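Enquirer: So the chains spell out like this:
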Amino acid sequence: MEVDFGPAVRDFRDELRDWLADHLVGEFAEHRGVGGPTDGAAWEVRLAWDRELSAGRWLGVAWPEEYGGRGLGLLEEIVFEYEYARANAPYRATVNALDLLGPMLLKMGTEEQKKRFLPPILAVEELWGQGFSEPGAGSDLASVRTRAERDGEEWVVSGQKVWTSFGIHADWLYVLTRTDPDSVRHKGLTLLLLPTDQPGVEIRPIRNLAGQDEFAEVFLSDARTHADMAVGEVGQGWRTAMATLGIERGTTLLPQQLGFEREAEALIDLARERGALDDPMLRRRIVDAWISVRIMRTTNLRTLAELTAGRTPGAQATTAKLYASTRHQQLGHLAMELAGPAGQIVGEDYGLDMRQRSFLLSLAETIYGGSSEIQRNIIGEQLLGLPKEPRP
Amino acid sequence: MDLTFSEEQDELRKVVRSFLAKYSDEAAVRRLAADPRGHDPVLWRRMAGELGLQGLAVPEEYGGSGFGYVDLGIVFEEAGRALLCGPYFATVALAAEALLRCDDERARRDLLPGIASGATVATLALTEDDGRWDAQGIGLTARERATGWQLTGTKTYVPDGHLADLLLVAARTPCGISLLAVGADAPGLDRTSLPTLDQTRKQARLEFTDTPARLVGTEGTAWPALERTLATASVLLAAEQAGGAAAALDAAVEYAKIRVQYGRPIGSFQGIKHKCADMLVDIESARSAAYAGLWALDAGDETETAIAAALAQTFCSETFTRVAGDNIQVHGGIGFTWEHPAHLYFKRAKSSEVLLGTPSHHRELLATRLGI
Numbered sequence: 001m002e003v004d005f006g007p008a009v010r011d012f013r014d015e016l017r018d019w020l021a022d023h024l025v026g027e028f029a030e031h032r033g034v035g036g037p038t039d040g041a042a043w044e045v046r047l048a049w050d051r052e053l054s055a056g057r058w059l060g061v062a063w064p065e066e067y068g069g070r071g072l073g074l075l076e077e078i079v080f081e082y083e084y085a086r087a088n089a090p091y092r093a094t095v096n097a098l099d100l101l102g103p104m105l106l107k108m109g110t111e112e113q114k115k116r117f118l119p120p121i122l123a124v125e126e127l128w129g130q131g132f133s134e135p136g137a138g139s140d141l142a143s144v145r146t147r148a149e150r151d152g153e154e155w156v157v158s159g160q161k162v163w164t165s166f167g168i169h170a171d172w173l174y175v176l177t178r179t180d181p182d183s184v185r186h187k188g189l190t191l192l193l194l195p196t197d198q199p200g201v202e203i204r205p206i207r208n209l210a211g212q213d214e215f216a217e218v219f220l221s222d223a224r225t226h227a228d229m230a231v232g233e234v235g236q237g238w239r240t241a242m243a244t245l246g247i248e249r250g251t252t253l254l255p256q257q258l259g260f261e262r263e264a265e266a267l268i269d270l271a272r273e274r275g276a277l278d279d280p281m282l283r284r285r286i287v288d289a290w291i292s293v294r295i296m297r298t299t300n301l302r303t304l305a306e307l308t309a310g311r312t313p314g315a316q317a318t319t320a321k322l323y324a325s326t327r328h329q330q331l332g333h334l335a336m337e338l339a340g341p342a343g344q345i346v347g348e349d350y351g352l353d354m355r356q357r358s359f360l361l362s363l364a365e366t367i368y369g370g371s372s373e374i375q376r377n378i379i380g381e382q383l384l385g386l387p388k389e390p391r392p
Numbered sequence: 001m002d003l004t005f006s007e008e009q010d011e012l013r014k015v016v017r018s019f020l021a022k023y024s025d026e027a028a029v030r031r032l033a034a035d036p037r038g039h040d041p042v043l044w045r046r047m048a049g050e051l052g053l054q055g056l057a058v059p060e061e062y063g064g065s066g067f068g069y070v071d072l073g074i075v076f077e078e079a080g081r082a083l084l085c086g087p088y089f090a091t092v093a094l095a096a097e098a099l100l101r102c103d104d105e106r107a108r109r110d111l112l113p114g115i116a117s118g119a120t121v122a123t124l125a126l127t128e129d130d131g132r133w134d135a136q137g138i139g140l141t142a143r144e145r146a147t148g149w150q151l152t153g154t155k156t157y158v159p160d161g162h163l164a165d166l167l168l169v170a171a172r173t174p175c176g177i178s179l180l181a182v183g184a185d186a187p188g189l190d191r192t193s194l195p196t197l198d199q200t201r202k203q204a205r206l207e208f209t210d211t212p213a214r215l216v217g218t219e220g221t222a223w224p225a226l227e228r229t230l231a232t233a234s235v236l237l238a239a240e241q242a243g244g245a246a247a248a249l250d251a252a253v254e255y256a257k258i259r260v261q262y263g264r265p266i267g268s269f270q271g272i273k274h275k276c277a278d279m280l281v282d283i284e285s286a287r288s289a290a291y292a293g294l295w296a297l298d299a300g301d302e303t304e305t306a307i308a309a310a311l312a313q314t315f316c317s318e319t320f321t322r323v324a325g326d327n328i329q330v331h332g333g334i335g336f337t338w339e340h341p342a343h344l345y346f347k348r349a350k351s352s353e354v355l356l357g358t359p360s361h362h363r364e365l366l367a368t369r370l371g372i
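Top line first, the protein sequences correspond to chains A and B. Its first residue numbered 1, the first sequence is counted upward by one per residue in this note's numbering. Its first residue numbered 1, the second sequence is counted upward by one per residue in this note's numbering.
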């Protein structure tokens, strides 16, 4: 795949390509394609790679220079993600802070918050975890129960968070809390920044179905943070959180889809090796898998083209997640079928190869970032204008 | 990157949509579906005279406007949405493309201006009794006599072959596959209308008995050009299919908002809402498939076009049929009646699915082109 983003960004692209060629070597090169939103494989190597990126000033390409960014635009950010995915560099360990918290602070944070938190994010000095989901609130974030009360110049936070990706590594959490005890649903929520290094915070790993300790559950018992650690207005945390989730859908689909293309190509190679292409039933499914990844590519390019042209992306920007997550799971099943019995054997200590990890972890894709059922509601209600479900 | 529509293209879509809403509304579609000829010459002249739709992508040197395939694709998407009846696909997507792709400057200069101006209705006669869209399916023979070329044999399932003024016929000669042009009034040409399941797109059977014809291009070299023609037509048909699917979804959504069951609109039930959402996911994916083909055509990339065309035909065929069927399901009993337009879309979907070869055929083309 080769996309020409035009002469304006060609120098930027060439500089990036050269840098990647020079630095994505040795141990980093051995970990090409490793990691994902819910895949914590080779954490230490990936963290070191993030520091390498930081030293090259490739983190926060579109963030203002005063906070350590490069001060470039959306187009450069897209080119960065594109070239990064093209080089198959390891999945960034600090993605929580880079793709979610940072843009949110830039949009809604105070000047003090930006100065305090953004430079350490770009320097990979502080790691962040997201505290949105709760045991009783998965896709339904409005039912958040973690409470925060003011005590003088501090917030006192109690409750439980869950599914915090890479949470065991977090130095700080950004937490959605209920600050008005009498409020319901979206009202009365506040987004707080909370240090983990204190007695009131306990973080326990949760093992995912691939056997990795990549999620965490977070127990907050009278944990404390300073009053000026609220992002956005007090009581308007829902709006702040939604702005964050909107950011997440922007440029993240492109690298994901390039990864899927690689998997599809590997699948075709495997099928060829195994003689599976002579089986008309398998051949049909392989062609359909190829069709799926090619359609994902075009759909993402449509969205990127609209973003870079300054237009509001159309319906395809919203439908893309549901299509990609569903089709990626089918790709995984097909890969396992082609692998046959060999695909059923794992390494020592439940060590999985890339294909096995991808197959198992793809099950998270129809759950996180709004489950497929939530996606269908959003498409039905917001894009098609169908009436809302009656809510109690 | 130029993978987004320009303001001019948005405007073109708007103009074509409102034109077709006026002249190809449900009443017009039903009237033409019931008419054995299925062609409204007044509408045809309007399409040419007011909007220049027949010549939109024909180069200016041959009397057209020289727009690109993305522009033409927009027109086909809207034609699909409106279930436009008449020989637009046959004339523009098949015949004009075959002329453009055959290496015959004189034939282009002679024949394309009539197509572009709307004076000529044309089609491509390729399939025979076994309905195959490949070179092996071509058995009709052309022979060169002292007086010129003559055709003998049968073509069938020819889109709008019953009324086309100009027939471009794929024939076999001792040198291989060749393309020949035949006028509607040629001696030894017998045409029969075939009653079609999808009444919005007519077909004919053509019998040739020593019918005089004009060779287009070089004898025996037509197949690569015909393959490129079919790839282009596949992309345009895919755009038409995406448009038809979008109209079927609009109808389903409209109905789901107003139809009340168990005390609330059925669109508020997840069973219906999620079905409609899945329809939109498929339609947006179908658009991507069709647009990728249009971009490849405008970029002049033949390899990429061949791949994108097979992909688009496979995916858009299946999407349109599924979505048009789901539309009937959302409508329930009323959707199953002759009076309701839902079946018109469903039948158009099914006939489009095989118009240029089945999804299986295109999957196989895709696999071959990818080396799978």
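For the record, the hints were derived by calculation from the structure and aren't laboratory data. It should be emphasised that the depicted structure is a prediction, and the values quoted were computed from it without experimental measurement. Heads up, a few of these hints could be off.
Said to hold, decoys possible - Derived DSS-like pairs (lysine-lysine); straight-line CA-CA distance at most 25 Å:
{"#": "1", "chain 1": "B", "residue 1": "Lys275", "chain 2": "B", "residue 2": "Lys347"}
{"#": "2", "chain 1": "B", "residue 1": "Lys275", "chain 2": "B", "residue 2": "Lys350"}
{"#": "3", "chain 1": "B", "residue 1": "Lys22", "chain 2": "B", "residue 2": "Lys275"}
{"#": "4", "chain 1": "B", "residue 1": "Lys14", "chain 2": "A", "residue 2": "Lys388"}
{"#": "5", "chain 1": "B", "residue 1": "Lys257", "chain 2": "B", "residue 2": "Lys275"}
{"#": "6", "chain 1": "A", "residue 1": "Lys388", "chain 2": "B", "residue 2": "Lys347"}
Enquirer: With a cut-off of 25 Å on the C-alpha distance, tell me whether Lys388/A and Lys347/B pass.
Expert: Cα-Cα ~32 Å, so violated.
Enquirer: Lys22/B and Lys275/B were given as a pair; does the straight-line alpha-carbon distance stay at or below 25 Å?
Expert: Status violated; Cα separation ~30 Å.
Enquirer: Taken at face value, is the distance from the CA of Lys347/B to the CA of Lys275/B at most 25 Å?
Expert: 20 Å, holds
Enquirer: Below or equal to 25 Å on CA atoms is what counts here, so check Lys257/B against Lys275/B.
Expert: 14 Å, holds
Enquirer: Assess, step by step, whether the Cα of Lys14/B is no farther than 25 Å from the Cα of Lys388/A, and give holds or violated.
Expert: 30 Å, violated
Enquirer: Sort out whether Lys350/B lies within 25 Å of Lys275/B, counting only the CA atoms.
Expert: It holds: about 20 Å lies between the C-alpha atoms, which stays within 25 Å.
The structure is inconsistent with the numbered hints 3, 4 and 6, although it conforms to all the rest.
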